[in-house]
Every structure is written in C-alpha cells, then in structure tokens.
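Trainee: The residues making up each chain are set out below.
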Amino acid sequence: MVRNDSSSDERINRRRFLQAAGGSATAVALAGCFDSDDGEDGDGGNGGNGGNGDEENPARKAQNAWETIEENPDEDAEDIRNEAYVEIEEAVRDDMILLPLFHNLEERMWYDRVDVAETGPLGGHRQQHNDTTVEGSDELRMINSQMTTLDPIQSTDTASGAVINQMYENLVHYPNGETELENQLVEGVDVSDDLLTYTFTLTDAQFHNGEELTADDFVYAWRRLVESPDSQRANFAIGAGFLGIEHEVDEDEGVGAANVVPDSLAVEAIDDSTLEVTLANPDPAALDILAYDSFAAVPEGFVDDIEGYDGEVDQQEFSTGTAAGTGPFELDGWEPGTEARVTRFDDYHGEPAELESIHWQIIEDDNAIWTYVNEGNADLFEIPTPFYEPENVDAEADDTGREVGTYGPLENGETVNYLGVAELSTFYAAFNARHVPRPVRQAIAYVTDHDELIEIVFKERGETAFSFTPPGMWPGGEDAYQDFVDEWPYSPNETDRQAAQELLEDAGYSDDDPFEMTITTYDDEAFQDFAGLTRDKVADLPIDLSIEETEFGTLQNRGEDGDLEFYTLGWIWSWVDPSYGHFGFEPENTNTELIPEEADGYYLDWQTELDDE
Amino acid sequence: MSRWRYFIKRTLLAIPVLFLVMTLIFVILRMGPLDPVASLLGPEASGAQAEQIRENLGLNDPLWRQYIDFITGLLTLDLGQSWAVYSGRDVLDLVYIFAPRTIWLGFWAVLLPIFIGIPLGFYAGLNPNSWSDYIASFSGIVWLAMPNFWLGIMIIALLSQTQGGGFLGFDWYEFGPTTSSVLGTPPLDFVGVTDWTSLGMIAIPTGLFFDPGTLAVAIKVILPAALVLGSASMATELRIGRTAILETINSNYVETAKAKGLSGRVIIWKHVFRNALIPLVPIITNEALLLLGGSVIVEVVFAINGLGRLFYLAAVQGDLPLAGSLIFVFAVITISLNVLQDLLYTILDPRVGYEQ
Chain E
1 MVRNDSSSDE
11 RINRRRFLQA
21 AGGSATAVAL
31 AGCFDSDDGE
41 DGDGGNGGNG
51 GNGDEENPAR
61 KAQNAWETIE
71 ENPDEDAEDI
81 RNEAYVEIEE
91 AVRDDMILLP
101 LFHNLEERMW
111 YDRVDVAETG
121 PLGGHRQQHN
131 DTTVEGSDEL
141 RMINSQMTTL
151 DPIQSTDTAS
161 GAVINQMYEN
171 LVHYPNGETE
181 LENQLVEGVD
191 VSDDLLTYTF
201 TLTDAQFHNG
211 EELTADDFVY
221 AWRRLVESPD
231 SQRANFAIGA
241 GFLGIEHEVD
251 EDEGVGAANV
261 VPDSLAVEAI
271 DDSTLEVTLA
281 NPDPAALDIL
291 AYDSFAAVPE
301 GFVDDIEGYD
311 GEVDQQEFST
321 GTAAGTGPFE
331 LDGWEPGTEA
341 RVTRFDDYHG
351 EPAELESIHW
361 QIIEDDNAIW
371 TYVNEGNADL
381 FEIPTPFYEP
391 ENVDAEADDT
401 GREVGTYGPL
411 ENGETVNYLG
421 VAELSTFYAA
431 FNARHVPRPV
441 RQAIAYVTDH
451 DELIEIVFKE
461 RGETAFSFTP
471 PGMWPGGEDA
481 YQDFVDEWPY
491 SPNETDRQAA
501 QELLEDAGYS
511 DDDPFEMTIT
521 TYDDEAFQDF
531 AGLTRDKVAD
541 LPIDLSIEET
551 EFGTLQNRGE
561 DGDLEFYTLG
571 WIWSWVDPSY
581 GHFGFEPENT
591 NTELIPEEAD
601 GYYLDWQTEL
611 DDE
Chain H
1 MSRWRYFIKR
11 TLLAIPVLFL
21 VMTLIFVILR
31 MGPLDPVASL
41 LGPEASGAQA
51 EQIRENLGLN
61 DPLWRQYIDF
71 ITGLLTLDLG
81 QSWAVYSGRD
91 VLDLVYIFAP
101 RTIWLGFWAV
111 LLPIFIGIPL
121 GFYAGLNPNS
131 WSDYIASFSG
141 IVWLAMPNFW
151 LGIMIIALLS
161 QTQGGGFLGF
171 DWYEFGPTTS
181 SVLGTPPLDF
191 VGVTDWTSLG
201 MIAIPTGLFF
211 DPGTLAVAIK
221 VILPAALVLG
231 SASMATELRI
241 GRTAILETIN
251 SNYVETAKAK
261 GLSGRVIIWK
271 HVFRNALIPL
281 VPIITNEALL
291 LLGGSVIVEV
301 VFAINGLGRL
311 FYLAAVQGDL
321 PLAGSLIFVF
331 AVITISLNVL
341 QDLLYTILDP
351 RVGYEQ
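So the protein lines, in turn, are chains E and H. With UniProt numbering as the guide, the letters of the first sequence map in order to residues 1 to 613. With UniProt numbering as the guide, the letters of the second sequence map in order to residues 1 to 356.
Honestly, the hints are just simulated from the structure, not real lab data. Where a beta carbon is used, it is the ideal one built from N, C-alpha and C, also for glycine. Some hints here could point you the wrong way.
Covered by chain H, according to a simulated footprint, are these stretches of chain E (three or more residues, beta-carbon under 8 Å) [claimed, not checked]:
| no. | region |
| --- | --- |
| 1 | 142-150 |
| 2 | 373-379 |
Computed far set for chain E versus chain H, every beta-carbon distance over 12 Å [claimed, not checked]:
| no. | residue |
| --- | --- |
| 3 | T132 |
| 4 | G188 |
| 5 | D544 |
Based on the provided sequences and hints, a complete structural model is requested.
Mentor: Structure representation (structure tokens):
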C-alpha cells in the first residue's frame, strides 16, 4: 500500500516549502527553538512517557513506523504491522500532536417484544435483520434520520446505509457490525503469492429482479463504483491507500474518477462464479474494504450510468425508487423525509428473514422522536440526549466491552433493553506543529480531564479516548489497549495545572509573555464545550487561548491551507483496519503545502519536526 | 392615474423584483460560507474526491456562467437536481412531494383562525367592556404571546398523555379515526386521479377517487399542528375583528340604519359584519405569507415533512439548486400574493390610484 512516491514527494515538498517560508517563517522558527528545548524536558521531567526508551524524535518514529507498515503487507507480517501501529500511537501521544477526546458511544434500546442480536463497534446500521423477530408483529419498526439515496455507490450516510444494507450484499461482510469478517456472497477466496490477485468463488444467489448472481454482476457493479459520475466512493476502489485496484487513467479527462479509462478496471469474470481482482499494490486490508456498502453486487446492466450499458432504469430512478440487490429484504418504498419500508425477499440465498417487513419512520426532531418512542411506535430506537437520564441505565460490561442491561422507566412507564457500544470513531483535538510548539501541546493535554468532559458534555454517554485507534480494534486486543491507557503520561482524568505550568515556564513562557493561539471548532456542541472548558483551565497559565467557530467546510479548507493552530475533528472507520486511520499520521503526508492534491493526512504539518533533534 | 393603470404598473414592477431576488439568492448561497462538498463527503473527505465533486457539480465553472445557468434554470422551471439533501432527485419532484403537506398545513392554519378568531373578535366587539370581552381579549393576547415551538411541544405532551384514556377524559388516538401517533406526515392520498383521457395535446382527468376515511385521518393529524401555526393569527384576527366591529358599530351609517328603525339583527348581519370584514381581508392574505415562513418550526416539532423543513436542510447543507429553487418558489408565491392583494384593493376600494 504505497501511498506516494516518497522521493519525488520530498522534492516537491522542499521546493514548495521554500516558496511558502516567507509567510510563516516566524512560526516555524518558534516551533524549532522550543522543540529542541523540550525534547530533554519531556523525557526527563515526566519520566512516564520515556518508558519505551525510544531516543528518536516522535515525528521520525512515526514516519519510520508508517514505512514499516507499508513495506510489510503480507498476511503473516501482521505482528510487525501491529507493533508499528502502536509505535505511531506512542509517537502521537509523546509528541502530543493530536489529543484524542472521545469515541462515540452508540446506544440502542428495544422493547421486550423484540428479539434482536447485539451489535458491534461498526454500528447498528450494519445489521441485517435476518433473524430479528417481533412478538405479535410481522414488522420491525425503527426511526431513521434523513436518507439521501438508495444507490450503494452514492451513499455516504448511515441513514441510507441502514436501508441499503438490508437490500444489497457484498462478497464479505461484518455481521451485526462486529469486527469479525465473514463471507456473504463468496464461498472462498484465493490470494496469489505476490498478494496482488484475489480469486473469489461466488455463492449461488438471486437478485430481487429474478436474475442469478454471476461474476459479471460484480464486474459491472465495481465499474459503476469507479466510473459512474454519481459515485461518491470511487477512491475506495482505486485510491492508493485504499483498495487500489489496477486501472488505466487518461490524464486529459479530468480529476479523480473521471479520468479512469472505461472498462480498464482490473476486475474480471473468469466464469459465471469466478471473479478475479488485481491490485496495484498489496493491501492487507483488501477484504475488509470489500465489506463496505459501495462494493455491493448489482445486476449487470441494470443502471444506465456507465459506458456500454443502456440500463433498465436511469440512475435517478435507481437512487430513489428501484432497488435490485441480493439481500434478505427488497424495497417496498421510500417517501423522502417521511418513511421507508422493505419487505422480505422469499428467494433469498440464505435463510429467508423471519420478519415480513421493516419500516423506518424518518424523524429528526428530538421531541418528536421521544413522543414516537413513548407511544410505543418504535420497536428499536435511541433516546435523544435531552431526554436521556444516565441514572436510568442499569447495565454491565460483557466480555467484549459492550454495556448490556436495561434502561427505564420511559415516560410511558416501560423499562426497555439497553446496549451501549463504543463505535469505531475517534473525535479529537489536534495541533499544527508549524504553529504550536510541543510544550504548549503537552500542557493542553495535562489540563484535559477526559472523564469530566464525558460527564459534562455527554451526560456520561461517551467513551473516553486516550488513543486514536479505538479500543474495539486495538492491535493485540483489549488488554494491550489497557496497557497503553495505563501509560498515558499527562495526568489522566484530572486537571493538572501544576505540571502544565512547569512545562510552559521551562519553555520560556510567562504571564507577561504568554503563548497565543486559537482553537477552531466547527458547529458541534461537544467540541465547543471542550473549547470553553479548556479556555477556562488555561486562564491562569501562560497560554492565551481564543475560541473561534467556523462552518465545517471552512474548517476543512483552512486546515488544507495550514491555517489552523488548534482544531477539532473526527475520524470514523468504515472497516476494521488501523491503517485506515494511521495513514493520516505519516508526517510527510501531513504537509499542508501538499494537501489536498498530493497528500491526504491530517492537518498537522508534522513533517516540520522530522529532523529537529 | 386610473386604478387599472396603477394595478398594471404594480404588476410590471414585480418583474425586476423577481430578478433582484434571483440574483440575491445566487449571491447569498453561492458566495456564502456553505460548502455543499463538505456536507456531501463528511469528515472522511479527501481533497481529490472533493475536487471531483466540485467538477461534477459545475462549481469550477466561471461564476458568470454559473449565474446564467442558475437564472435560466429558474425561469424555464428546469430546477435541476438536489446536490446534498436528496442527491440526484429532481427538485421539481421534491417540490411535488413536499409542497402538498405544507399547503395542507397552511390551509388549515388559515382556516382555523378564521373560524375561531373572527367569531370571537366579533363577539367581543358586540359586547364591549363586558367580562366576556375581557376574557376573550385577554386570552387572545396570552395565546399570541406563546411561542410556537413551546406551544407545539405542550400540545404534543398533552395529547400523547391521553393514550389509553388520560386525564383529559378522552383518548386522542381513538378519537375519530384511529391514529398511532400524534405527529407525523398526514396522508394526502385521499383524492387521486384514476383515469386520464388524452384530447390531442392535453390530458384531462376523467376518473377520480375519493376516500373519506383517509381525509378524516389527514385532517385529524394536521389539526394540532395547524392550531399551533395559526395561533398567532388567531389572536390578531380576534383583536382586529373586535376593533373593526366597534368602529363600524359607532359609524354614522349604522346610526342612520338605527334611525330608520331596522331591527338589530338586520343591522348587524347586513351592515356591521360585512363592513367589519373588509380590514380583515388583507390581514388574512398577509397571514398566508407569514405561515409560509413560520412553518419550519411547526413542521419540525410535529414531524411533518414539508417545504419548511426541506428548505432548512437545503440551506444548512449548501444544496444550491434545492435551496435556490425553494426561495424562488417562495418569492414567486409572495410576489403573486402581493399582486393579488393589489387586485383586491383595486376592486374593493375605489380610492386606490388617486393618490394626488
């Protein structure tokens, strides 16, 4: 999974850096000056974080670790990669280039009449309701938020995903959103020695329109994913760092998917039930990526949006009113903004579903959701935060770390079942290394109290985050994760102003000459609360923190321009692979001079610290 | 200037206003801080993807071309497709799906106040400074003062407590046609066309069906929301109705009628009510406009997915074609209602146009 040709990258990098240095020269100088100071300090003064005995500078450590990951794509090199993932986490932590704040907690409640499997950290929207039953009813009723589309290659939101997932299927999937990959439409897979060619044997399955599933259907469906102008996830199939299926490009055609030569994708139907895929570079997470919604099977020629097919329906119809998958449920109807319904598909290749139908009422207002729930109109639901009472939860952790128990009583007097799962998502505050020197970053970590944040901001509905990689996919499992958390050096779960003060004074800041910086958040209550809390906490420290709120898009644009100092963002994993989050830490890939065209890391400018020490 | 020339002048003036509105829409939405690409892609966006989407949406075209495309699109009713809220759906389809709900809500929100507010106001006006006048006027003011979002939540809370027979003494869910929720989108498929006959170029409906059961449900579902949405106008109508009655009752022609020996009944029905209604007509047309804008909150609270809610989403997510088209639709409705108002004035009031 080689992301970029690093030698040419570095060349561009330097050239561009010289051009831009004029504007930000002071900031860079500052960072450089205090960083060297702190290197000794951070390890000597705080003892704890020097535990790994690593002498090299964290940015260099992260860069090396990422290169190790890239150079070891083999299946049996998993240990080497896992070690490198942990090294990246250590580098991020020790350098405090990014402060993880919380993992989203997905909660779901259901009435006793419902019998439904528990879901895993990939989210309830991944759950196919094949085995779900509702006592005394043939229909499962749920609440959904605004859906945008029914076309698997166009969907990017979980609301659409929840419905699409009942109708469409992939080669492999994560049953119930758990992290174990299982076969869905595939019986077996053969991987070539060079790890580049995957040969899949398909199961017998039928589409909702009556056609039999063949390898050609996958060839077509993935061509759509790459070539259709409506595709939102072409990069998952051909992007470097994602699956990276081999393909030809025509540079004159334009940017992104638009310049793929039609029918050049290296996906071939050997015979009706054999599918061959060739990657440009080995990718240990290839099968995981194939579980993503967009790779779903669609009958060949069903939609008209790629070259060589007239289509039975046009893309607009396909995204709004007609579906044809192999899933256990087929589309009954979707009325935008109101409701969607799917009904059982009797010719399903597996055991047909117990339920006759699934109905989603689309409601977004908290009050309306709460009313609908208390009327007993939803079988399976979440409780909107304003109505959530932490003391109503009576749950215990099971062996995978999920909270299982009961919640209640609701307003209607009923007590319902409760499940709380930490999602594979991380929301964080990060720094731009060019603008914010390490002692300041570490001081912010010292005064951050994760527990307090969860309590104040989320009514205790959230999981504290001490690493970027969520616990549910930590290399080495739950215990290894716990070890990492135990080593957190910045006074976990307390506001340690003392340590922060010492750090800042040693770095030469004083109340008369404080470090000035701005935290930029987008329109998100949790982050705004974090910003407010942090500003209060550094009020008597030599940091002069101002708060700024922007639109989400503005935040992104400014991040790409390297124009953020301290900002908040989140990352959500669509499949279980740490590198799908860690590529953004490769210091050379965080160069905002190159983002977004030639680099796609987080807005850290971490490369500026590569050769400091 | 004759009053008809005045009317035509007013109507022609609407055209530059419309252009100004379209230009403003374009400037505000296109040049503003909203980024449709960001809302499409979410936090996992990469730069290359964003660039491709910009290209697909035509956001990389020169501004003047985007402007011309936008204006011609609106004028030819080729409203384009939604970008973000319902990617790929025709805006016209969306308007067709969402508008009837808002119109249904608006219809009842105008009708309810007329039938409650005006009679109450007239009653208060006919019995000035009595206890019943005080009670009607006072409760009107209190009603006016209650904000819609609060009133909506209160009504929902009250009605949902009645499930299985509550303290109100009746079960709203069982009252009239049975419904499963106090909120939601009313079913508007109670009338429909079953057959079309084509007469050359024009298709005319020849078969109609009508389902009174569904109509009853549709009315029941909309009533609480309409009551809330119409609450402010109800109070206004009450107050203005009362004043209008008082003014009319004390006018000379009523005195004359009394002097002629007409019975109180005839005076009130023939002279007082008809004349008191005149100042209420523009009030009601203006209310129709206010309701259009004010429906967002009520639609959200009652989970009625109408134009208000759709517009809110489009605006927040930077869906330029959808938000632009909806503002355009609102603007066209507003301008036509203004023209209609001018027409009514022209017909009703002979003094219009003789301003010198």
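Trainee: Evaluate each hint against the coordinates.
Mentor: Taking the hints in turn, this is what the structure says about them:
Coverage of a stretch by a chain is defined here by at least three residues with a beta carbon nearer than 8 Å to that chain's beta carbons; for the region 142-150 of chain E and chain H the count is 3, and the condition holds. Counting residues of the region 373-379 of chain E whose beta-carbon sits less than 8 Å from any beta-carbon of chain H gives 3, enough to reach three: the coverage restraint holds. No beta-carbon of chain H is positioned within 12 Å of the beta-carbon of E/T132; the least distance is around 21 Å. Every CB of chain H is more than 12 Å from the CB of E/G188 (nearest about 31 Å), matching its label as outside the interface.
The beta carbon of E/D544 is kept farther than 12 Å from every beta carbon of chain H, the shortest such distance being approximately 26 Å.
The earlier numbered hints are all upheld by this structure, with none contradicted.
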